[in-house]
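Student: Chain residues, written in single-letter form:
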Amino acid sequence: MASIGESGEARLGDEQLPAPGVARLRALTSERYRPLVVAYGLILVILIVTGLRHPGFVSFDNLRNQLVLASFLGIAAAGQTILILTGGIDLSLAWNLNFSAILMTQLTKSDMSAGRVTWAIFLALFSGCVFGCLNGLGIAYLRIPPLVMTLGMNAVLLGLTLYYTKGTPQGTAPDVILRLATGRVAGIPWAVLLWIVVSAVLIFVLRRTVFGRRLYAIGNNVRAAYLSGVPVRRVLIVSYTAAGFFAGLTGLLLTGYSNQSYIRMGDAYVLPSIAAVVVGGTSILGGSGGYAGTIAGAIIITLLQNVLSIENRSQADQQILFGLIVLIMLLIYGREAKIRE
Amino acid sequence: MPVLAANGITKRFGGVVALNGASFACEAGEIHALLGGNGAGKSTLVKILTGVQPADAGTITLKGQPVDFSDPAAASAAGIVPVFQELSLIPDLTVAENLFMGREPRRFGLMDRRAMRRAAAELLESLRFPPIDPAATVRDLPLAERQLVEIAKAIGRRPDVLILDEATSALGAQEVERVFATLRTLREQGMAIVFISHRMEEVRALCDRATIFRDGQDVATVNVADTDPEEIVRLMIGRQLEEVFPPKPPAHEDAPILRVENLRWEPALRGISLTLHRGEILGLAGLEGQGQGDLLLALFGVYAGATGSVQVDGRPLHLGSPAAAMAAGLALVPEDRKTQGLILPLSVRENISLPVLPKLSHGGVIAPELERRTTHEMIGRLSIKTASSDTPVRFLSGGNQQKVAIAKWLTTQAQIYLMYDPTRGIDVGTKQEIYRLMRSLADEGRAILFFSTDLAEIIGLCDRALVMYEGAVVRELAGDELTKEALIAASLGMSDAVRAQMESVA
Amino acid sequence: MAVSAAPTTLHSPTPRRPLLARGARMLLAYLILLALLVVYQQKAPRFTEREWQSLANQGMTLTIASLGQTIVVLTGGIDLSVGPMVSLSNSIVATMGSQESPDQRLALGIVVALLAGAAGGLINGLIIAYGRLQPIIVTLATGYIYAGIALHVRPRPGGYVPFDRADMVTGLVWGKVPAALILLLILVALWELFKRTRLSNRIISIGSSQGAAYMSGVDVVRTKIWAYTLAGIASAVAGLFLTAQTASGDANAGLVYTLNSIAAVVLGGASLAGGAGSFIGTIAGAYVLSIIPSVLYFFDFYRSRPLSQDLYKGSILLAAVALGALGVLRMRNRLDRL
Chain A
1 MASIGESGEA RLGDEQLPAP GVARLRALTS ERYRPLVVAY GLILVILIVT GLRHPGFVSF
61 DNLRNQLVLA SFLGIAAAGQ TILILTGGID LSLAWNLNFS AILMTQLTKS DMSAGRVTWA
121 IFLALFSGCV FGCLNGLGIA YLRIPPLVMT LGMNAVLLGL TLYYTKGTPQ GTAPDVILRL
181 ATGRVAGIPW AVLLWIVVSA VLIFVLRRTV FGRRLYAIGN NVRAAYLSGV PVRRVLIVSY
241 TAAGFFAGLT GLLLTGYSNQ SYIRMGDAYV LPSIAAVVVG GTSILGGSGG YAGTIAGAII
301 ITLLQNVLSI ENRSQADQQI LFGLIVLIML LIYGREAKIR E
Chain B
342 MPVLAANGIT KRFGGVVALN GASFACEAGE IHALLGGNGA GKSTLVKILT GVQPADAGTI
402 TLKGQPVDFS DPAAASAAGI VPVFQELSLI PDLTVAENLF MGREPRRFGL MDRRAMRRAA
462 AELLESLRFP PIDPAATVRD LPLAERQLVE IAKAIGRRPD VLILDEATSA LGAQEVERVF
522 ATLRTLREQG MAIVFISHRM EEVRALCDRA TIFRDGQDVA TVNVADTDPE EIVRLMIGRQ
582 LEEVFPPKPP AHEDAPILRV ENLRWEPALR GISLTLHRGE ILGLAGLEGQ GQGDLLLALF
642 GVYAGATGSV QVDGRPLHLG SPAAAMAAGL ALVPEDRKTQ GLILPLSVRE NISLPVLPKL
702 SHGGVIAPEL ERRTTHEMIG RLSIKTASSD TPVRFLSGGN QQKVAIAKWL TTQAQIYLMY
762 DPTRGIDVGT KQEIYRLMRS LADEGRAILF FSTDLAEIIG LCDRALVMYE GAVVRELAGD
822 ELTKEALIAA SLGMSDAVRA QMESVA
Chain C
848 MAVSAAPTTL HSPTPRRPLL ARGARMLLAY LILLALLVVY QQKAPRFTER EWQSLANQGM
908 TLTIASLGQT IVVLTGGIDL SVGPMVSLSN SIVATMGSQE SPDQRLALGI VVALLAGAAG
968 GLINGLIIAY GRLQPIIVTL ATGYIYAGIA LHVRPRPGGY VPFDRADMVT GLVWGKVPAA
1028 LILLLILVAL WELFKRTRLS NRIISIGSSQ GAAYMSGVDV VRTKIWAYTL AGIASAVAGL
1088 FLTAQTASGD ANAGLVYTLN SIAAVVLGGA SLAGGAGSFI GTIAGAYVLS IIPSVLYFFD
1148 FYRSRPLSQD LYKGSILLAA VALGALGVLR MRNRLDRL
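Protein chains in written order, with this note's numbering: chain A, 1 to 341; chain B, 342 to 847; chain C, 848 to 1185.
Mixed in with the good hints there might be a few duds.
Pairwise CB distance ranges (calculated) [what the hints assert, rightly or not]:
no., chain 1, residue 1, chain 2, residue 2, range
1, A, G183, C, F894, 56 to 66 Å
2, C, L1032, B, R448, 19 to 29 Å
3, B, R353, C, V1067, 19 to 29 Å
4, B, A522, C, V1067, 33 to 43 Å
5, C, R979, B, E368, 36 to 46 Å
6, A, S110, C, A891, 39 to 49 Å
7, C, Q951, A, V192, 52 to 62 Å
8, C, G870, A, D111, 48 to 58 Å
Distance condition first, Cα-Cα at most 35 Å in a straight line; then the derived DSBU-like pairs of lysine-lysine [unchecked claim]:
no., chain 1, residue 1, chain 2, residue 2
9, B, K589, B, K825
10, A, K166, C, K890
11, B, K772, B, K726
12, B, K388, C, K1042
To be clear, the hints were calculated from the coordinates, so they are not data collected in a lab. Idealized CB from N, CA, C, for every residue including glycine.
The task is simple: from the sequences and hints, build the whole structure.
Tutor: This is the structure in structure tokens:
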């Protein structure tokens, strides 16, 4: 192939570009990493400020406990991150995880044999995937807005759960789930280890795989992605299925943590999971951000709840502070979105 | 004194000069045409006159007073009302509501819809337009009727200056006649009308004077009745551009690589047949919006329900999806690089590798070294000027963005390149590089099907050209026939009689 | 010289409305509502004004809250703070109520609740319009804040609501006509009035085509601020009705109305993309969602599992939007199907 490079640099300049080094620095600081710096910086600020007021807050035990709680939110927000990156959202998280949790305890309530437990765990996770996949089918093929599709699916799952249990779920968590949610190995909680694994896998998938790259492409510009041969529908369906899987996994963990499944166990996770993603710097419009930010978002939200309870603040104050933090983070991150237009 | 005068208007978009000290004046009671090839600057001038875009330099006076509009509403309030091709109608409101947008008749502070409908009916009636139900929702109207409503909406504001920018392109002959009759009446009443159309015959039928634009400047203002059409065409073409194109190979006949028969996607494509050979650059000419873009999209599998047969290297291609077209060896550089060709927030590397990701990965995991090497190869080969391969594409200049939009297809080893105006809005230096790249691709035995709004490109670059008009190929030109006169005549849909007349004069 | 004979259109044909979209989907909502009412009438042991009263009351709070959501959805936005604002209004009125001079306290409470709703909506609008941020996430955040304020006002359920006054909007007028039905008629009249304001046209304009609205001189920022403010006021009014219904204040009682109002609006035929929708359709959507439990109660399969009502609500919502979306499969430009 002939090169066309001979025309020379001098004639190429349509516009002045900044020097390569400067541009790279700017790209790195403003683009990908600024939200991360802000979010992790905020964690540090919370730790220092609260630690000075309440030394017990920064004790190893407390932080370890907080990390366990953050891992639940973080895993719930893993699916939410994937979907928000595609420009979607999952409101069915609450009851998808609740249904999975209840499915497991119902199936094992009279039989805790290893085979039965394995089967129940498999079914619970599978059920999460199935409902996630249904979301994906409606969104990818019928172009139902994700908000409406997952809202409707949430109602269906809520009804199914209550139909199935008549409102009083039975059974307790199998040992393995109990240990996963509350146990430790070498002082490290299993839940945190699981979160680390999930994080590593998800960050790897988003950054290094074909699927991850296509996710960003779709979230940024679905038409350009389609015209570049990206199988848009397939990627969307896989994404929603994966989000369903994480919902199911969260359901199992929450069941283990309280050693039972109960009604409305997922309600407290929907809006915080979205907030964790946004606080972590992922754009609600899709296409920019990533799970590293969500990890920070989940930790921030969990720590804030802890801080406010240490400070003896009411739930009311927690919510107000929550809203303000999300708004402030939005205004910090939103600035860049404006330039993009 | 002219009612509207623009003096020394200059407008740049990035490094590209759209208007370079252009001037123009329009009297009350005249219909004044703006003529010029694609990219001559007339549409930009209209946008500046109507407050859609600010000028970089120059003055506008309206009825002797200098004006400077901050937005379309300000221009409209001052008496300059445009009708654009891209509609300003609200699809979900009724005809009457659209006609009276912002000046709704009110009773007791509320909109009086009945009065509005009555006034709308009266307005449409007074314009002698075909009957349109004022209570119909605009979304439900056929395009032609929407365009009539758009025109009526502008006239209803009783502007001092009415600007019609390709505002009759969707109308049938009868409707055009009625609009023209109305415009003539308005002229009698002292309105100044600026008229832009790609149909030369409409200009001759309607306009008193015409200002001809070329390369961002006004080159002449003529009385339409006293000027021969070929004179106007000559003014539009102007001097010869310096030769910037790579030399064409001598005429030769290679094996066909793409064969299209009777491709239809009504109403945009009305039975297109063509053959593209290896090593060939085949131009699609004609004015914009005659189906060239639709042809490329249909071939790339974007249009459901497109019929006809397409063969690539003798194998039938099912027009089912871009992915299928890519698998058959096609590549598309689409019309709008910002919304279709590129993903602006993603990096140069991510854009270039997107179509070829499966080949740059093992088991779904991208091989970073391979990706980086491929990207750097492309950056080097196309001299893409970027700080690094990780720079988001939106930080690149227009020309370099376009290079990325092309580079992403070189990695797929595509054999057939479908390109829609790949050099639009790009500086001359980069254009030449792209020309050379296209020729080198052809020399390697690939084929290019290419639409350009720039006649010089079609003539200078293409081995052969097909002129499209209203969804069909109306002429095929090759070798010595490939001249500006022939292209323009065919593009404007001039009848054979006119063409004969022109040729005899020439 | 003759004008060239051109075909009528050059471009793609007028996009056909998707099957069952818009008006047809509203009709579908009314058909479902009618079917539910017929079944109820057939199954109910009696069907007197008492039953009418009960049914009318059941859907009222959601209807009013969804009125606000309809306005916001018409602009192409969404309001996730509807529920918290219903709660806030409910908490304010019940908390300000007092057995001493109940009427004055109630009137004052209503004024404060309405002002709070207007202020909340205004804040939403200002942040969304001037900050150019996404409505979904802004109202999610402000929703947290309003819910927090409601909890401050009313940490535990309770408060005082004068029964006789509550009865005025939830009872029977002249012992015959449900007051809620009269209220509904008033709301419809208000909606018709609203539709005659220029504001309503502007709201539809920015949802239908923001670019065309700008070209037509619409002030996009001001229109958005108005829309969210009106939605805030509607949520506050919904909170008032909820107070009358429950005769108590509860900072959590309103939260369900966020998602239910979106469901009602969508079921009523509005497009979340903006520009299309009507309160008239929303009424049907809200009442379908609200009276399902009452109707299902006559069936054994449901009575044995009375908590599963959302299963049926969700199924109806999904079925309706899926029917409305079938037209997507017929779009000729595959880029439009994405």
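Student: Identify every previously stated hint that the structure contradicts and give their numbers, smallest first.
Tutor: none
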